[in-house]
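These protein sequences, in sequence, are chains F and U.
In terms of this note's numbering, the first sequence has 101 at position 101, counting the first letter as 1, and numbering is strictly consecutive.
In terms of this note's numbering, the second sequence has 100 at position 100, counting the first letter as 1, and numbering is strictly consecutive.
The hints are simulated quantities; they were obtained by calculation from the structure and are not laboratory data.
Every residue, glycine too, gets a C-beta built ideally from N, C-alpha and C.
Any given hint could turn out to be false.
So the derived label-pair ranges between C-beta atoms look like this [what the hints assert, rightly or not]: (1) U:Glu119 x F:Lys94: 18 to 24 Å; (2) F:Lys123 x U:Glu114: 37 to 43 Å; (3) U:Ala43 x F:Thr152: 27 to 33 Å; (4) F:Thr152 x U:Glu114: 17 to 23 Å; (5) U:Val126 x F:Glu74: 29 to 35 Å; (6) U:Ala78 x F:Ile115: 25 to 31 Å; (7) U:Thr88 x F:Lys94: 35 to 41 Å.
2 protein chains.
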Amino acid sequence: MKRFLTIAAVLLFLSGILWANSATKSSKGTDALLRADSDFAAATAEKGLEGFGSFLADDAATLRPNKPVISGKESVIAAWTPLLNNHTLSITWKPMTAAISSSGDLGFTVGSYEITKTEEKGKQVVATGKYVTIWRKQHDGSWKVVFDTGVTDLTAEAPKSN
Amino acid sequence: MKRFLTIAAVLLFLSGILWANSATKSSKGTDALLRADSDFAAATAEKGLEGFGSFLADDAATLRPNKPVISGKESVIAAWTPLLNNHTLSITWKPMTAAISSSGDLGFTVGSYEITKTEEKGKQVVATGKYVTIWRKQHDGSWKVVFDTGVTDLTAEAPKSN
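Using the sequences provided together with the hints, build the complete structure.
Spelled out as structure tokens, the structure:
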């Protein structure tokens with residue numbers, strides 16, 4: 001009986017360590033995802049289409065109205081070109097939450113974005129929305145986007161004068 | 001040298017088995033996700049809101065325009081109630097592709113949907129769109145939705161007369 005209790009105590013102790021490890025790993029994983037998404041936004045703000053494309057996996061995909069699913073890095077870049085190559089428009093986004101698989105190689109971030117249009121005489125109109133981005137860890141350890149889509153707010157225009 | 005070649009041949013053979021296993025597992029995983037999504041659509045068509053809710057994880061979330069991220073099973077059900085409890089509307093969807101984590105516990109499906117509105121005198125108007133649904137495997141082995149959002153086609157109305 002004493003031996004049984006000893007074994008039970010050791011097992012309980014070991015499962016405690018395993019639980020603590022998996023909890024730590026999970027939190028570390030979502031932190032890495034939130035950081036990747038913030039870096040994605042910063043690279044896009046700084047380098048435009050080039051920075052944006054550097055975060056896409058080869059099999060990245062996205063959705064646009066009235067079109068089949070847009071699949072493949074180059075096709076996703078093409079879909080974003082009208083926005084990112086238009087000097088009157090700028091986009092910023094910020095992840096709010098993240099979730100990750102137990103293997104730590106697939107996860108997603110959810111956040112909000114703002115697209116600012118600078119009109120004539122410097123007047124700015126801001127369109128807002130929310131998005132989900134799905135990430136896959138690459139062989140080199142970096143996180144790349146495999147899927148991305150968003151929902152635009154319908155009437156959220158906040159005209160500002162400069 | 002002969003021994004080295006034998007070891008190399010054995011390693012090559014073993015890595016082949018491992019590769020085949022992982023490919024099989026991955027395909028099995030995405031098949032299960034596609035099946036879960038088809039079952040989700042069938043349950044919603046048959047049982048409405050109750051069938052829909054039975055596929056949601058407790059921490060399910062979705063996006064709607066002009067609202068913060070909608071989080072929690074009950075809140076997602078509330079967001080879908082106007083559509084699923086309206087007897088003039090019906091929704092069907094069909095997954096096209098799926099991807100899964102190496103641990104097989106997180107994945108997503110991408111597909112297309114149709115919302116049919118039956119107007120007076122039986123005239124039907126169909127709105128179409130595409131969606132992404134993110135799934136997490138539960139402790140009981142079932143797949144539940146943790147995130148879901150879609151993009152509606154803007155002008156795809158196909159009026160049909162009965």
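To see whether the hints hold, each was checked on the structure:
1. U:Glu119 x F:Lys94: 18 to 24 Å: Given about 42 Å between the Cβ atoms, the range is violated.
2. F:Lys123 x U:Glu114: 37 to 43 Å: holds (40 Å)
3. U:Ala43 x F:Thr152: 27 to 33 Å: Distance hint for U:Ala43, F:Thr152 holds at roughly 30 Å.
4. F:Thr152 x U:Glu114: 17 to 23 Å: For U:Glu114 against F:Thr152, whose Cβ atoms are near 21 Å apart, the range 17 to 23 Å holds.
5. U:Val126 x F:Glu74: 29 to 35 Å: holds (32 Å)
6. U:Ala78 x F:Ile115: 25 to 31 Å: holds (29 Å)
7. U:Thr88 x F:Lys94: 35 to 41 Å: Hint holds: Cβ distance 39 Å, inside 35 to 41 Å.
Hint 1 alone, counting from the list given before, is not met by this structure.
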